[in-house]
Every structure is written in structure tokens, then in C-alpha cells.
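There are 2 protein chains.
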Amino acid sequence: MVDLKRQAGLLEAIELLYFAYRAFTARADRILEHHGLGRAHHRILYFVGRHPDIAIHALLDILKISKQALNAPLRRLLAEDLVSVGAAGHDHRTKLLRLTKAGHTLESQLTASQTEQLAEVFKKVGWDAEKDWRQVMAHLADDPHSP
Amino acid sequence: MVDLKRQAGLLEAIELLYFAYRAFTARADRILEHHGLGRAHHRILYFVGRHPDIAIHALLDILKISKQALNAPLRRLLAEDLVSVGAAGHDHRTKLLRLTKAGHTLESQLTASQTEQLAEVFKKVGWDAEKDWRQVMAHLADDPHSP
DNA sequence: TTTTTAGGTCAACCATATTGACAATTTACC
DNA sequence: GGTAAATTGTCAATATGGTTGACCTAAAAA
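So the protein lines, in turn, are chains A and B. 28 is the number of the first residue of the first sequence in our numbering; add one for each residue after it. 28 is the number of the first residue of the second sequence in our numbering; add one for each residue after it.
No lab work stands behind these hints, which were simulated from the structure alone. Keep in mind it's a predicted model, so treat the numbers as computed, not measured. Take the hints with a grain of salt, since some may be wrong.
Reference listing, derived: stretches of chain A covered by chain B, where coverage requires no fewer than 3 residues with Cβ under 8 Å from a Cβ of chain B [to be verified]:
#, segment
1, 79–86
2, 92–106
3, 132–143
4, 159–172
Cross-link-like lysine-lysine pairs, in silico, DSS-like; alpha carbons within 27 Å at most [as the list claims (entries may be wrong)]:
#, chain 1, residue 1, chain 2, residue 2
5, B, K128, B, K158
6, A, K32, B, K128
7, B, K94, A, K32
8, A, K158, B, K158
A short list of chain A residues far from chain B (calculated; beta carbon distances all over 10 Å) [stated by the list, open to error]:
#, residue
9, L31
10, A47
11, R49
12, V112
13, R125
Cβ coordinates follow ideal geometry from the N, Cα and C atoms, glycine included.
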């Protein structure tokens, strides 16, 4: 009986992950829609924003997608002048990506919508719960069974 | 300075959600690959498993996708005899979906891979942290700004 | 009887991803 | 210097999963 309750609790946790993640992406998705952009563009904007002068291969390592999958959305961001290619360092093969002013504006808007959402929740639940949440998420993220 | 630290913490939380969710879906994705199925099929199997004799429209309400988007993966699950259409109740319009024996076997395998992953983490962090995690996720999931 | 609800299907389209192939450039090594 | 390997970019074909719009049947509700 206790095991049945435990199983029900774990099923609830599966659904919490699904529904929480869906709700979490929803705000940014609406902003992106105004610009005709998708989540692929968002992820590029976000990580280039966090890591100015990041190289393509480093971005691919983070996103774990193929270079072909990165190419199209990145080209669009370059064409729309949201991302720029900085002067290469000593290795002239690598392109160093950074946000333009417009790119930074959009990225800030997207990121703010998500940090606000998280801050609202964290404020409600308090610091201890936030810390515990981070701990669980960190453990999930570095699942050894993950590819 | 404190605000900068807070902002950094919120950015970390964004990434935790992204990386944790990705790691969480990875195990099931590998099982699905063996069967040539995708996440769309997984979600159908999962929710039909949780709600035997669910009607199509109820499934659409949960998944929040169009009936056209549901149609193809559901037809495939029916064709592969993983889901069956039960005899309708008093309303002869509605089809009541349930898992077949094979469907239940696959769904159990998929769900077990995820509940095990969650159970491993929850065991590490303890009940209090699990409870706090649930609280944060529940708040995230019912974001009033969500569509 | 008319309207609404539930479902199914077709078409056109878009976003995101894949693999494979190939070229250009640059670095690294012998 | 010359060759091999690595990095980036691009093309094509393909798959999945989603969208909207349109149109159909059948059954329930008004």
C-alpha cells in the first residue's frame, strides 16, 4: 500500500516535470512569436548572451545538436543582425559569436520573462525550497544514463 | 551586488530547467527509438495509461495540441495494437481509448525508466527536498501567464 | 428540427531535427 | 614544404511533430 502511494507520487512527479516545463517555455514562446522566431533561435540567443565570443563548436557542445541543425537558425539571427561574428582570435577558423545591441535587447527581454517567472515562484516558496529545488534539478541534469 | 548574485542564480535556474528536462526525457527517448516511436507516441501512451477509457477530446485538452496533430501518432498506435478503442458508453460519438496488453507493457517500461530516475534523485536528496521540489514545480506548472 | 459536439481526414505549410556528401580553410605534424 | 586532420559552411534529402483551414459523418442536445 505504501508502495502504491509511492508509485502514484512518482507518476505525479513525471507530470509535474511535463506541465511545469511547458508552462515555463510558454511566456518566452509568446515573445518569440512576435518576432517570428522559435525556440531554436531562443536557445542560441540565450547561450551566446551568457558566453560572449563563443565558438560554434562550443555552442554545439552545449546544445547537443548537429551543426546543420544550428546553421539555419543561426544564419537567420546573423541576417537579422541579432548575432554578429566577432574578429577571430589566434585560430582563424573559429568564428566568435556575440549578441548585437538588438540581439542583447531581445535576449534580455526573453530572459527577463523567465527569471521573473522563476522569481515569483521562489518568492512564494522561500529560500529553503528554492535551494532544495535546485538540488533536485542538478541531480536530474547530470543523470549518468543521459547521452 | 546582492542583486547581481540573485540574477546569476536565476540564470542558473533557467539552465537547470533546460538541462534537467533534457536529461529526464533522454532515457525514455532511447527506449522509444527501439520501437521507432517518438515523444508524441509516448505522451499518448502515458496519458491513456493513466486514464483508461479516456475520450479523444479529453486527451486533446491535456496535451493541448490540435486533433490533427494527435491523429497521426494515435493512428499508428492503433495500427500497431498498442492502443485500442473500447466500446463507447452511452454516448456513441466518443471513442474510449485504452492500452492493449502490448501497449501497457511498453508504457510500463517507459514510465518505469522515468520513475526510477526520479526515485534515484529523491533518494539522494531526501523527503523534505522532494516535497520542496514538488511545491516549486506545482507553482511553475500553474503559471497564470500560461496560455 | 436545428444546432452543437465528437471525431476523422485531407491539404498545405512551417519548424526543428537528422544523415550524408562535399568544399574551403587552417592548423598541426612529419 | 607538404600532407593529414580539424573546423566551419553549405547543399540535399528525409523525418517528425506541429499548425490552420476546410469539409465530412454521426450522434446528442436544444
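Results of checking the hints against the structure:
Coverage of the segment 79–86 of chain A by chain B is violated [criterion: at least 3 residues with CB-CB distance below 8 Å; count 0]. Here's how the segment 92–106 of chain A fares: 0 of its residues keep a CB closer than 8 Å to some CB of chain B, so the rule of at least three is not met and the hint is violated. Counting residues of the segment 132–143 of chain A whose CB lies closer than 8 Å to any CB of chain B gives 3, so the stated coverage by that chain holds, three being the minimum. Counting residues of the segment 159–172 of chain A whose beta-carbon sits less than 8 Å from any beta-carbon of chain B gives 13, enough to reach three: the coverage restraint holds.
About 34 Å separates the Cα atoms of B/K128 and B/K158, which puts this hinted pair outside 27 Å; it is violated. Simply put, A/K32 and B/K128 have alpha-carbon atoms about 23 Å apart, close enough for the 27 Å limit, and the pair holds. Restraint check for B/K94 and A/K32: the C-alpha separation of about 33 Å exceeds 27 Å, so the hint is violated. A distance of roughly 12 Å separates the Cα atoms of A/K158 and B/K158; the hinted pair therefore holds under the 27 Å criterion.
Consistency note on A/L31: stated as away from chain B, and its beta-carbon is indeed over 10 Å from all of that chain's, at 13 Å minimum. Consistency note on A/A47: stated as away from chain B, yet its beta-carbon is not over 10 Å from all of that chain's, at 4 Å minimum. Chain B draws A/R49 into its interface by the beta-carbon criterion, the shortest separation being 8 Å against a cut-off of 10 Å. Chain B leaves A/V112 outside its interface by the beta-carbon criterion, the shortest separation being 24 Å against a cut-off of 10 Å.
Every Cβ of chain B is farther than 10 Å from the Cβ of A/R125; the closest lies at roughly 17 Å, confirming the non-interface assignment.
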